[in-house]
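S.K.: Read in order, the letters of the sequence shown are residues 1 to 315 in our numbering.
In short, the hints are calculated from the structure, not lab data.
Each hint should be verified, as a subset may be incorrect.
[Said to hold, decoys possible] Lysine-lysine pairs mimicking DSBU-like chemistry, simulated, CA-CA at most 30 Å apart: (1) 249 with 25; (2) 25 with 40; (3) 40 with 169; (4) 36 with 226.
[Unchecked claim] If you anchor each label on the Cβ, the simulated ranges turn out as follows: (5) 59 with 26: 39 to 47 Å; (6) 95 with 27: 25 to 33 Å; (7) 93 with 198: 36 to 44 Å; (8) 23 with 311: 38 to 46 Å; (9) 306 with 77: 22 to 30 Å; (10) 280 with 90: 18 to 26 Å; (11) 78 with 28: 43 to 51 Å.
Glycine included, every Cβ here is placed at the ideal spot set by N, Cα and C.
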Amino acid sequence: MDSLIYSLNATIPVFLVIAAGYILKQTGILNDAFVKSANKFNFTVTLPVLLFVDLSTTDIIADFDVRYVMFCAVVTVIACVFLWLGARFFLKDKSLIAEFVQAGYRSSAAVMGVAFIQNMYGDSGMAPVMIIGCVPLFNIFAVLVLTFESDSGGNGTAHIKKSILNIIKNPIIIGIALGVIASLIHLDLPEIADKTLASFAKMATPLALVAIGAGFEGRKAVAKIKTTVIVAAVKLVVLPAVFLPIAVKMQFSEQELVAFIVMLGSPTTPSSYIMAKNMGHDGILTSSTIVITTLLSSLTLTFWIFLARYTGLIV
Numbered sequence: 001m002d003s004l005i006y007s008l009n010a011t012i013p014v015f016l017v018i019a020a021g022y023i024l025k026q027t028g029i030l031n032d033a034f035v036k037s038a039n040k041f042n043f044t045v046t047l048p049v050l051l052f053v054d055l056s057t058t059d060i061i062a063d064f065d066v067r068y069v070m071f072c073a074v075v076t077v078i079a080c081v082f083l084w085l086g087a088r089f090f091l092k093d094k095s096l097i098a099e100f101v102q103a104g105y106r107s108s109a110a111v112m113g114v115a116f117i118q119n120m121y122g123d124s125g126m127a128p129v130m131i132i133g134c135v136p137l138f139n140i141f142a143v144l145v146l147t148f149e150s151d152s153g154g155n156g157t158a159h160i161k162k163s164i165l166n167i168i169k170n171p172i173i174i175g176i177a178l179g180v181i182a183s184l185i186h187l188d189l190p191e192i193a194d195k196t197l198a199s200f201a202k203m204a205t206p207l208a209l210v211a212i213g214a215g216f217e218g219r220k221a222v223a224k225i226k227t228t229v230i231v232a233a234v235k236l237v238v239l240p241a242v243f244l245p246i247a248v249k250m251q252f253s254e255q256e257l258v259a260f261i262v263m264l265g266s267p268t269t270p271s272s273y274i275m276a277k278n279m280g281h282d283g284i285l286t287s288s289t290i291v292i293t294t295l296l297s298s299l300t301l302t303f304w305i306f307l308a309r310y311t312g313l314i315v
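Can you make the complete structure from the sequences, with help from the hints?
M.R.: This is how it looks when you write it as structure tokens:
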């Protein structure tokens with residue numbers, strides 16, 4: 001019961017902020033111009049700053065467990081590749097491939113991972129190590145799939161060159177690269193700079209949630225409900241069911257297993273909506289998946305944690 005209450009406390013407030021954004025839009029307090037500006041601001045400023053802050057404050061060298069980091073990275077690559085191939089073969093509406101793939105594998109690993117492990121063990125434990133293994137790849141693959149599955153741009157060599165250039169210039173990738181460099185050189189910024197960056201970083205998630213709610217198009221979302229349900233099932237059930245037994249056989253510690261469960265089974269991150277909207281996609285499937293996975297993860301994530309405890313994998 002405690003795990004269920006904790007999960008509800010972690011996910012329901014997120015859903016309520018999304019709902020508030022929707023209500024504010026319907027009452028005229030927010031408008032389409034706000035949604036467009038907020039998405040652009042998040043994509044170019046707050047989200048890159050958030051990633052920079054998270055990575056720069058993680059001691060990559062000290063926390064680096066090669067075996068665990070590589071496992072998280074390999075699982076991320078496999079999940080993304082198979083989702084991408086599956087979407088290309090089975091999705092009838094090819095315009096949804098990029099959003100299907102991104103929403104299907106990309107978790108709120110950084111936020112949920114730290115929160116869950118702190119709640120269970122009193123500190124962040126193995127969450128930073130899990131973040132090193134998956135979060136940079138989450139964003140890199142998101143840029144790849146959103147770029148190469150975009151309707152904009154030509155074909156052949158010219159399109160590939162343009163895509164590579166867009167990846168290099170992507171604010172998310174730049175934020176990750178600078179964060180890793182800052183961690184490796186143990187960059188010590190003045191307190192004024194730290195607090196300023198922290199203020200921008202704290203804006204990312206709540207502003208993204210409000211924008212998701214304000215930009216949520218109910219009728220269009222209903223039209224894509226079948227695809228949304230499939231993405232949510234893959235995100236919350238299929239990926240943990242496939243990869244968790246492998247992690248158990250690898251005999252990782254209980255904190256590593258908890259971090260891994262959260263990496264796979266936490267809801268689709270709101271930042272995926274920001275990237276989808278700002279890279280030429282309508283974002284409807286992404287926002288719908290965020291809403292549904294946020295609601296359902298309080299049950300599914302609790303189930304995976306309960307199963308791990310029941311089988312004696314964690315105590």
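S.K.: Within a Cα-Cα threshold of 30 Å, do residue 40 and residue 169 meet the stated pairing?
M.R.: holds (15 Å)
S.K.: Has the given pair, residue 249 with residue 25, been kept, meaning a C-alpha gap of at most 30 Å?
M.R.: violated (49 Å)
S.K.: Falls inside 25 to 33 Å, the C-beta gap from residue 95 to residue 27?
M.R.: holds (31 Å)
S.K.: 18 to 26 Å was suggested as the range; check whether the CB atoms of residue 280 and residue 90 agree with it.
M.R.: The hinted range 18 to 26 Å holds for residue 280 and residue 90, with Cβ atoms some 23 Å apart.
S.K.: When you take the CB atoms of residue 78 and residue 28, is the distance between them in 43 to 51 Å?
M.R.: holds (46 Å)
S.K.: Taking the CB of residue 23 and the CB of residue 311, does the distance hold inside 38 to 46 Å?
M.R.: holds (42 Å)
S.K.: Would you say the C-beta atoms of residue 306 and residue 77 sit inside 22 to 30 Å of each other?
M.R.: holds (29 Å)
S.K.: Within a Cα-Cα threshold of 30 Å, do residue 25 and residue 40 meet the stated pairing?
M.R.: Given pair residue 25, residue 40 holds - Cα atoms ~18 Å apart, limit 30 Å.
S.K.: Is it true that residue 93 and residue 198 lie within 36 to 44 Å of each other by Cβ?
M.R.: holds (41 Å)
S.K.: When you take the CB atoms of residue 59 and residue 26, is the distance between them in 39 to 47 Å?
M.R.: Between residue 59 and residue 26, where Cβ atoms are some 46 Å apart, the hint holds.
S.K.: Hint check: residue 36 vs residue 226, CA-CA at most 30 Å. Holds or violated?
M.R.: Since the Cα atoms of residue 36 and residue 226 sit roughly 27 Å apart, the hinted pair holds (cutoff 30 Å).
Taken one by one, the earlier hints fail for this structure only at number 1.
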